[in-house]
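With the hints as your guide, set chain V onto chain W.
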Amino acid sequence: MTPWREGLRSLKRYPSAALGVLIIAALVATAIYAVVSIPYSEAQKLWRGGDMWQDLPVNAGPVWADRLFGGDAPRTIKAESADAAVAEEAYEGVRIEQQRLEFDFPYSEFPSEVNLFLESDHEQRQPFVRTAWITPEGDEIPIEARRVGASERISISQNQALENRLGHAPQIGLFTSAAPDAEQPQVRGGEYTLLVETVHFEEQAKLDAELVVYGQVHGWAGTDHQRRDLSIALLWGTPIALAFGLLAAVGTTVTTLLIAATGVWYRGWVDATIQRLTEINIILPLLPVLVMIGTLYSTSIWLMLGVVVVLGIFSAGIKMYRAMLLPIREAPYIEAARSYGASNMRIIMRYMVPRILPVLIPTFVTLIPTYVFLEASLAVLGLGDPVLPTWGKVLYDAQDQSALYHGFYYWVLSPAALLMLTGLGFAMLGFALDRVFNPRLRNL
Amino acid sequence: MVRDLRRLAVFSGKRLVALFFTVVIGVYLTIFIANMGGQIDELRLAQIENEVAEEVRADPAFHDLPSERREELMEERIQMEVERLRLDEPFLVRSVDYLLQALSLDLGRAEEMHSDAGSRQVAQIILERLPATVLLFGTANLLVFFVAVFAALSLSRRYGSKLDRSVIALAPSSAAPAWFYGIFLVLLFSFMVPLFPSGGMVSAPPPEGGWAYAASVIKHMALPVAAMFIAQIFISIYSWRTFFLIHSSEDYVEMARAKGLPNNLIEQRYILRPTLSPIVTSFLLMLIGLWSGAIILEQVFNWPGLGTLLFEAIGHRDTPVIIGSVVIFAYLLAITVFVLDFLYAVLDPRVRIEGGQK
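Chains as they are written, first to last, in this note's numbering: chain W, 1 to 444; chain V, 1 to 358.
To be clear, the hints were calculated from the coordinates, so they are not data collected in a lab. Fair warning: this is a prediction, and the values are worked out from it, not measured in the lab. There may be inaccurate statements among the hints.
[To be verified] With a Cα cut of at most 25 Å, we get these calculated SDA-like pairs of lysine to any residue:
| hint | chain 1 | residue 1 | chain 2 | residue 2 |
| --- | --- | --- | --- | --- |
| 1 | W | K319 | V | R165 |
| 2 | V | K14 | W | Q275 |
| 3 | W | K45 | W | V387 |
| 4 | W | K12 | V | M286 |
[Claimed, not checked] For each label pair, taking beta carbons as the anchor points, the in silico distance ranges come out as:
| hint | chain 1 | residue 1 | chain 2 | residue 2 | range |
| --- | --- | --- | --- | --- | --- |
| 5 | V | E54 | W | R48 | 33 to 39 Å |
| 6 | W | L303 | V | D4 | 49 to 55 Å |
| 7 | W | D271 | V | F338 | 17 to 23 Å |
| 8 | W | V21 | V | F338 | 42 to 48 Å |
| 9 | V | R165 | W | L258 | 43 to 49 Å |
| 10 | V | Y159 | W | L303 | 31 to 37 Å |
| 11 | W | G306 | V | F338 | 31 to 37 Å |
| 12 | V | E54 | W | D271 | 55 to 61 Å |
| 13 | V | S104 | W | L303 | 48 to 54 Å |
| 14 | W | S402 | V | K219 | 17 to 23 Å |
| 15 | V | F338 | W | R350 | 51 to 57 Å |
| 16 | W | L303 | V | N264 | 50 to 56 Å |
| 17 | V | R84 | W | L357 | 37 to 43 Å |
[Said to hold, decoys possible] These stretches of chain V come out as covered by chain W in the derived footprint (C-beta under 8 Å, 3 or more residues):
| hint | region |
| --- | --- |
| 18 | 43-52 |
| 19 | 134-146 |
| 20 | 168-176 |
| 21 | 185-191 |
For each residue, glycine too, the CB sits at the ideal point set by N, CA and C.
Next comes chain W alone, as it looks inside the complex (with noise of 0.2 Å):
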């Protein structure tokens, strides 16, 4: 074991390794944190995305990012009956409810969208609500009036009667100070109010009312078109990307030695079988194959997985393999271990394979972030494994979306660096190994 340890010890000598440790720790430490905090199902769940996303904003950037140009986006705000002041009024057979649901508007933004939520557990007849948006300054717009159903969800910012009256989209006519005939909106901050006002017909019923001013910027992932929340594809696109990456890394690199161990020794057909399997799949191409079974067959990532790994299985590494390992085979040691009876596979497994395993180490570490990589490009196909989120899904979505035509860059860019994070964690680490392990390099 001392050349390994010599090894490990003289990779201190390299800033670029310790630079991809650290890197590849700090993946391996979110890829633990998400897969803690996040059950599978749970992330699989929030991936598809529905109406628990209904309270967040549509293409909404990262805060941050917003903040860090000086910007002043708003955020989302809620307001909701559980903090309403609510008055009542009874009368003969009818309940009149008033609820005022109140914020603060700090922003000198205006927000991307207005959304009126609302619950009601009536019996038989519906009751009857009427709406007015109150300015800080006191002046009452009204916004309509309606019977509403059980659970109801008004889109103030797409009333059209209400922009045609404030000349202006509703989410910025009702922030707007100057007159509607202004050049510039101007946003006016300070505490807004809508009244709520609810004509009951039953006794036991109530209204529940949540007002959703969607802001422009949301945490610290953003958004994307379905309004999920990006963090969950980034969180959770660590560990599978490493899952995948080191799987395939693993499965092709030790079944390849293996395989061109166990032709070397044994010679003959063996060897000639797997040469010529290894010529058979260097002229398959791997991603057209890929893209086949993933259009003909299934998106499982673990159904490409296991296609990755049987078409890497043959790859002409075999013969830089067996080309190391065929001087190995004559090596007087082996002679020994013959003489003494040892058995074919013990042969192989002891005596030949470990002795380029150091090779492989290096080799093994610089394939993952291929494999990485060539999840994430199946997923820009559109190949993805549909229920899980990863962060070629996300490039896919933006892709699909236009996102840089739109000037959503954080879409883009936040599964980018993630990618080449790993990307050049791995392969910073590879290349300083490949200099301790690698005898032809050592002395250069």
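This is chain V only, laid out in the frame that chain W set:
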């Protein structure tokens, strides 16, 4: 001399047979995968039934017929179509037929796709896309190859210098593939500073006149070529540099140096010439890589090459086109391997024709 020639003939005959079988099996595997082991046929059968039913329903001439007669008619039409596509035979029989056709380069007609000129011939479709791929990947790969070899040669002479170390430090950047850098280049040079188009091969509509057309193509090529160059150049320089370093520490180079020969003579005669065969190998293999294009890079830049073609063909489940592309790729690779075997013998007298066996 005669004995040598006979040996050469036997050797090349054996090689040819082995390579041919390799191609046969590789192509057959592709046929098998591309047909989902025959499952595509069932899909196609269902599709035919649907189409015929639609057709008969839509045609007013059939409305007055009694339903039995209509059924019969539909059945007849389906049968005709099935016979035309030979779906009534077992898949194994047909797959062998496919194989023979593919190997004789009779690529047949596409099922869904057609060339821009409207031809249904697979060969036409592939030929139409080939120039785009060769232009883009040829430019990029030749650039990378020659820059890398010469930069590596000069770096290996300046081993340990600042320049050398910084190039080595940059080598890990090649962990990311070209499409990845492509995305950033598009972000920078198409959207932030709009200097280059973000995709396509020529602007639409194509400019009149040869020069304007060429200028437009070059402008569209700039970003993808740059992406490939960035993705490959540092790792190529790194590996060539290591290669030259190993060879320049050989005894005969030390000897030449001790004799006091000028540097460029040592480079050309003592380092470059003995290393010529690996250089030629990787050059040829690089050329082969050209033919297949790069699916994702072509997708990212919307480049109308073979990669895009293959991707579309797979998406359309257009088996003849898929098989056509793979067959051509397999043939080219086999021919290259064959040519390489000869080149080794010519370039490097150390390599025996028998392939190193005593």
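Taking the hints in turn, this is what the structure says about them:
no.	hint	verdict
1	K319(W) with R165(V)	violated (31 Å)
2	K14(V) with Q275(W)	holds (15 Å)
3	K45(W) with V387(W)	holds (8 Å)
4	K12(W) with M286(V)	violated (36 Å)
5	E54(V) with R48(W): 33 to 39 Å	holds (35 Å)
6	L303(W) with D4(V): 49 to 55 Å	holds (51 Å)
7	D271(W) with F338(V): 17 to 23 Å	holds (21 Å)
8	V21(W) with F338(V): 42 to 48 Å	holds (45 Å)
9	R165(V) with L258(W): 43 to 49 Å	violated (37 Å)
10	Y159(V) with L303(W): 31 to 37 Å	violated (46 Å)
11	G306(W) with F338(V): 31 to 37 Å	holds (33 Å)
12	E54(V) with D271(W): 55 to 61 Å	holds (57 Å)
13	S104(V) with L303(W): 48 to 54 Å	violated (34 Å)
14	S402(W) with K219(V): 17 to 23 Å	holds (21 Å)
15	F338(V) with R350(W): 51 to 57 Å	violated (39 Å)
16	L303(W) with N264(V): 50 to 56 Å	holds (55 Å)
17	R84(V) with L357(W): 37 to 43 Å	violated (58 Å)
18	43-52	violated (count 0)
19	134-146	violated (count 0)
20	168-176	holds (count 8)
21	185-191	holds (count 4)
Figure legend: structure checked against the earlier numbered hints; hints not met, in rising order: 1, 4, 9, 10, 13, 15, 17, 18, 19.
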